[in-house]
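Student: Now for the letters of each chain:
2 protein chains.
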Amino acid sequence: MAVYKAPIKDIQFVLNEVIDVSKLAKLPGYEDATPDTIHAIVEEAAKLCENVLFPLNRTGDEEGCHYENGVVRTPKGFKEAYKQFAEGGWTGITCDPEYGGQGLPATVGFALQEMFTASNQAFAMYPGLSHGAYEALSRHGSDELKKRYLPKLADGTWSGTMCLTEPHCGTDLGMLRTKAEPQADGSYSLSGTKIFISAGEHDLTENIVHLVLARLPDAPGGTKGISLFIVPKFLPKADGSVGERNGIRCGAIEHKMGIKANATCVMNLDGATGWLVGEANKGMTAMFVMMNAARLGVGMQGLGIAETSYQSAVAYARDRLQGRSLTGPKNAGGPADPIIVHPDVRRMLMIQKSFTEGARALALWVGMLIDEAHSHPDAATREAADDLIQMLTPIIKAYFTDMGSECANLAVQTWGGHGFIRENGVEQFVRDARITQLYEGTNGIQALDLVGRKLPMKGGRAAQRLLGEISGFIAQHKGNEKMKEFVEPLEKAMGRVQDSALFLMQNAMKNPDEAGGAASDLLRLMALTAMAYMWNRIVVASHKGLEAANDNAFYEAKIATARFFMARVLPQTVSLNHQIKAGASTLMALPAEAF
Amino acid sequence: MAVYKAPIKDIQFVLNEVIDVSKLAKLPGYEDATPDTIHAIVEEAAKLCENVLFPLNRTGDEEGCHYENGVVRTPKGFKEAYKQFAEGGWTGITCDPEYGGQGLPATVGFALQEMFTASNQAFAMYPGLSHGAYEALSRHGSDELKKRYLPKLADGTWSGTMCLTEPHCGTDLGMLRTKAEPQADGSYSLSGTKIFISAGEHDLTENIVHLVLARLPDAPGGTKGISLFIVPKFLPKADGSVGERNGIRCGAIEHKMGIKANATCVMNLDGATGWLVGEANKGMTAMFVMMNAARLGVGMQGLGIAETSYQSAVAYARDRLQGRSLTGPKNAGGPADPIIVHPDVRRMLMIQKSFTEGARALALWVGMLIDEAHSHPDAATREAADDLIQMLTPIIKAYFTDMGSECANLAVQTWGGHGFIRENGVEQFVRDARITQLYEGTNGIQALDLVGRKLPMKGGRAAQRLLGEISGFIAQHKGNEKMKEFVEPLEKAMGRVQDSALFLMQNAMKNPDEAGGAASDLLRLMALTAMAYMWNRIVVASHKGLEAANDNAFYEAKIATARFFMARVLPQTVSLNHQIKAGASTLMALPAEAF
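In the order they appear, the protein sequences are chains A and B. Per full-length UniProt numbering, residue 1 is the first one in the first sequence, and the count goes up by one each step. Per full-length UniProt numbering, residue 1 is the first one in the second sequence, and the count goes up by one each step.
Bound-form chain A, shown alone (with noise of 0.2 Å):
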C-alpha cells in the first residue's frame, strides 16, 4: 500500500540548516516565527497529515464526490476531517491576525501546502482555494467587504473559489462572456457559465465565497473589460450569519481523472448578486497577482505527490522479494533480494530522492524571499526577493509538476504490475498529479511567462538578479576543493542558459516564434540549474553538519544524492540547450493540415 510520514526531518534540515529559517523571526511582524515554533507547527501538521488526511486519500478517491440537485456531497470523512483542519486553525495559518489568522510566515505556509497535498491533494484544494480568495480579497477588496470575508475565510468557516474558465476560454480569458450589470444599491447582478470551478460547491463549510470575473456592460474588449467580483452562495447578513441563497448554482460535476474528492463544479450565475473587488476592467490585475500565488501553490502540489511517491516506492522496493543482485545476493537467507538492490531500481529511487530533496530547498527558498519581499525594511532587499520570486514562479509552477507526474510514474513504475491495481494506491498519484500540469496555465503557458513575460521584465534585470544569485555563489565557493564536484556542473549548467538565451536574444526580436518554440526546453534547462544550485547549498551545509560531526550518514546521504543529481539528472542540460539552439523552424515548418 501507498505510505506517507511527513518528512519532517529533511524540512527541519532545510529550514535550519540550507535558507537559515531563524532570519524570519527578525522581519517586522514576524518575530514570534522563531525555529522552534515553526518546529512545533510542522510536527503539529505532520500528525494531522499522518494520521486524519493521508487515511482519507485513497477511500476519497474511490468514493469521489455526489452530485444531486444542485447539491454536492463530499466523500466520507471529509466533513470531519475539514472540521479538525477548521479547528486546529490550520485555514488561518498565514492569515493576518487582524482578521483572525495565526500571521505567521509564507515560509512556513510553504512546508505546510507540501505535507498537506502529499497527504491528500483533493482535500487540500479546499483550503487551499479558500486561501487563494482570502488573498486576492485582501489585497484588492474595500474595508467593507474585507470585515466581512475574511475573518470567514481565515477561520474556515467559510470557503473559497477562484470563477475564470468558461467553456470557450481557459488561457485566453480575454473571450469571457460573464456579464456584471450595476444595481441600483452599488452591487451588480451577474449572469453566464463558468467551467471547471474547483470546490464551487461541497458540504464542509456554511458559505462558500466565489471570486468571478466578468465584464461590465460598458467595458472595453479583451482583458483590459474584465472585472473581479465576490459572489456568494448565501448572501452575508449584517451580522455576518448567512442569509438568503444566491443565485449562483451549481449545475454539474465533472468526471474526471483524478483529484475525483475535489468537486469540480459547472457554476451557473442567473442574476447572482456581486459586489466589484478592486477597480473596474481591473480584474485581470487582481486576479494575477492571486494567479502568481496560486501558481507556486500548484508547484508545491507537485513536490507533495512526488514526496508520497517517492516513499511509497522506497517502502515496496525494501519489501519487495524478487531476483538477486548481480553483485551477489545482498538477502542470502531469503528467497530473493529485496529489489531495491537492482541499478534500475535505484535509478527510479534516485531521480525522485534528488528531486524531492533539491525542489523543498528550492521551495522553502522561495517561500523566505517571499516573506523578504513582503516585509523586510530595507526597499531594495525587497525589490530582489520579488524579482527572484517572479522569475522562479513559472518554473516551479511546471518543473514541479512535470516532475510530480514524473515521479508518480516512477512510483509505478516501481511497483510493476501492483502499481496498475487501485487498492496499492500509488497509480492514484498519477492520475491525481496529472491536473497539475494543467490548471493554473498548462505548463506550456509556464513556459510562454517566463520566455515572453519574465525574461523581458525590467530590461532582463530581474533574470540577471537569479544568474547573478548563483554566479555570486559560484565565485564564493569555486576555489574550495570540496565543493569542485559541485560546483564545475553548476558553472557549466549556467553557461547553457546563458547559451541559450543569448540564442534567444539573437532570434526572437525576428522572429517571436523563436522564442514560444524554446520556451519549454528554456525552463527545464533553468530548473535544472537552479535545482543544481539548491544542491550546491545543501552540499555546503552538509560539509557544515560534518564538522560538527553529529549524524554523519544524514549529511553522506545528503552529498551522494548530489552527486547522484550531477552525474545522472544535470546532463540533460546538454541536450537541451542544443535543442534550443536548432531553432523553431522546424516545428512551424508544416502547414496545419498536414498533420
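It should be emphasised that the hints constitute simulated quantities derived from the structure, not laboratory data. This one's a predicted model, so the numbers in the text were calculated from it and none came from an experiment. Any given hint could turn out to be false.
[Unchecked claim] Straight-line distance between alpha carbons at most 27 Å, and here's what the computed DSSO-like set of lysine-lysine pairs gives: (1) LYS544(B) - LYS581(A); (2) LYS330(B) - LYS510(A); (3) LYS482(B) - LYS581(A); (4) LYS492(A) - LYS581(B); (5) LYS581(B) - LYS478(A); (6) LYS544(B) - LYS492(B); (7) LYS224(A) - LYS330(B); (8) LYS147(A) - LYS47(A); (9) LYS330(B) - LYS282(B); (10) LYS581(A) - LYS478(B); (11) LYS581(B) - LYS482(A).
Put chain B on the given structure of chain A with help from the hints.
Tutor: Same frame as chain A, but now just chain B:
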C-alpha cells in the same frame, strides 16, 4: 472528443515505399500476400476499427467488467463486436491455413495490431492473448494438442491466456509455486494461484484455453524446474465440443487504473486438469519464445495508443480557438486563432507525429524481418533477420510503450483542462497506456534484457548486425548532398551508441552494476538511433516520391518531420551518452536504509 481514423495512407507508404512489402510474396508460403491483397485487408480492418471497436472504447472504460460468483461479464457491446471480429476472420489472420487461419505474414499482423489497439486496447487484448496461446501451442504442443486446440483459437470460438504471475513472483518466475501432479491417464492435476491473468475469464467465447506455468513434483528449484501446461476452462470432448467444467476458476477481477474493459483475473487452480506442452522442465524456454512475440505486440500497443492520442490532439489543436499567433493573427475573422498556431503546441504535436511515423516504419520493418526469419530460403538471411529481431525486441517494447504514454500525456496536455475530463476520452489513453510499460516484463527488465542478454549474444554479433545495418546505410548515402542533414546526425548518434557500449565493455565486467545502471539510458539511446535510421529510410523513400512528382505535400511533410526529429528529438542522445558514462557509482552509493 477523442477521434480515430486508421492511418491507412501512412501504413501503405511504409509498406510499399519504405520496406518494399512486395518482397513478401516472394517468400515461400506467402505467395498470396501481394501488395494489393495486403492493401485490401488493411482497408477492411480499418472499417472494423473505426466503426465497431473505437466507438466501444470509451463506453467500455466507463462501464468496465463485472464480476459475480466466478463469472465475468464484459462491457455492453463487446460480445457483439467480438462475434463480428471472429466472423470476419481477424482472430486467425496470421494463423496456419492448416488450422483454419488466413496464413498471412507477420508484417500484415503488425499493421493490424496497431490499428486494433489504437481503436480499443482493452478489446484487442482478448484476441491478442488468444494469438499468444496459439503461437505457444503451435510451436511446442504435440500434434494431438494442436489438432484439438489450434482451430478453435484460430477461428476465435475459444480464447487463450498466459498464466505466469503469482502473488509473490512476477519478474522472478523462479519462485513460482503452482504444482502439477501427474495423473494415471497422462494428464496433470494443477493447483495454485495465478494473478494478473488478462482475459482469464469473460463471456466472449465458449471456452478459454489457459497456458499455465507450474512445477512438477520432482522438478529442480528455480526457473529450470518450470513446465508449461494447457488447462482449458471446459475440458474438450472428442468431437471438439466443450464438456465438463475444469477446476480453474476466476476468484476476483482487479480494479485497475486502465484497460478496464479487459478482465484482469485472479485464477485459482484447484486440481485442474492440464496437459504438458513441450518438454518437462522446459516451460521457461517455451514461454520465452512466446514472450518475445508478446513483447513486440505490447510495443505495437504503445504505437497504437500514440497514434490515437496524436490524432485526438491534432483534432483539438485545429478546432480550439484560444489566443493569437505570436507572428500575427492566422484566423483574423474569428475570435481567436486555433491553438495549432502556437509553437509550443506544435512542439507537442511534432513529438507525437515524429514518433508515430518513425515507429510505424521501424515496426513494419521488424514485421518483415520476422517473415524473413521464418520463411526465407537462405539460412544466412534467416539468421541475420533473427539477430536484428532479437536486438530490437526489448527496444521496441520499452521505447514504444514509454512513448505511447508520453504521446497520450501530450494529447492530454494539448487538450488542457478538457483533457482531464473523462467524457472527452483523452485521459483514458494515459490510463490504458500505463500498463504497457509494466506488463510482459517492465521496461526496466527490457533494458536488462538488452544489456545483459542481447548485447553479449553470440559474442556481440547480434549487436554488430544492427550497427552494421545502420553503418551500411550511412556508407551508401553519405555522399548524397540531399541526405547530408539526415545522415550526419544519424552517424553522430551511432557514434554515441558505440562510445557508450565501449564504456560498458570496459566497466561492466569488473562491476555488473555498471550494466544495470546504464541499461535504461542505453536502451533509449539505441532506440533513438534506430528511429533516426528509419527516418533516414523514410527520407530516401520521400525523395523518390518527390521525383515521381506525385503527392508532393505528403513527401514534403515527411521530410519536414524528419528534420524535426533530427533537430529536436535526437539531441537527447548527447545527454544519454553523458549519463551512461557517468557510471553507476552514484546510483549504488547509498545504503538501502538511507532512502
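Student: Take the hints in turn and mark each one as holding or not.
Tutor: Against the structure, the hints:
For the hint pairing LYS544(B) with LYS581(A), the CA-to-CA distance comes to about 31 Å; that exceeds 27 Å, so the pair is violated. A distance of roughly 18 Å separates the Cα atoms of LYS330(B) and LYS510(A); the hinted pair therefore holds under the 27 Å criterion. Simply put, LYS482(B) and LYS581(A) have alpha-carbon atoms about 22 Å apart, close enough for the 27 Å limit, and the pair holds. Proposed proximity of LYS492(A) and LYS581(B) is supported: the alpha carbons are some 17 Å apart, at most 27 Å.
Distance hint between LYS581(B) and LYS478(A) is fulfilled; the C-alpha atoms sit about 25 Å from each other, no more than 27 Å. For the suggested pair LYS544(B) and LYS492(B), the alpha carbons sit about 25 Å apart, so the restraint of at most 27 Å is met. For a cut-off of 27 Å, the pair hint linking LYS224(A) to LYS330(B) stands: about 22 Å separates their Cα positions. The suggested pairing of LYS147(A) with LYS47(A) is violated, with an alpha-carbon distance near 32 Å, which exceeds 27 Å.
Distance check on the hinted pair: LYS330(B) and LYS282(B) sit about 65 Å apart at the alpha-carbon level, beyond 27 Å; violated. Only pairs whose Cα atoms come within 27 Å are accepted, and LYS581(A) paired with LYS478(B) is accepted, the gap being roughly 24 Å. Pair hint LYS581(B) plus LYS482(A) holds up; C-alpha atoms about 22 Å apart against a cutoff of 27 Å.
Of the numbered hints given earlier, the model fails hints 1, 8, 9; all others are met.
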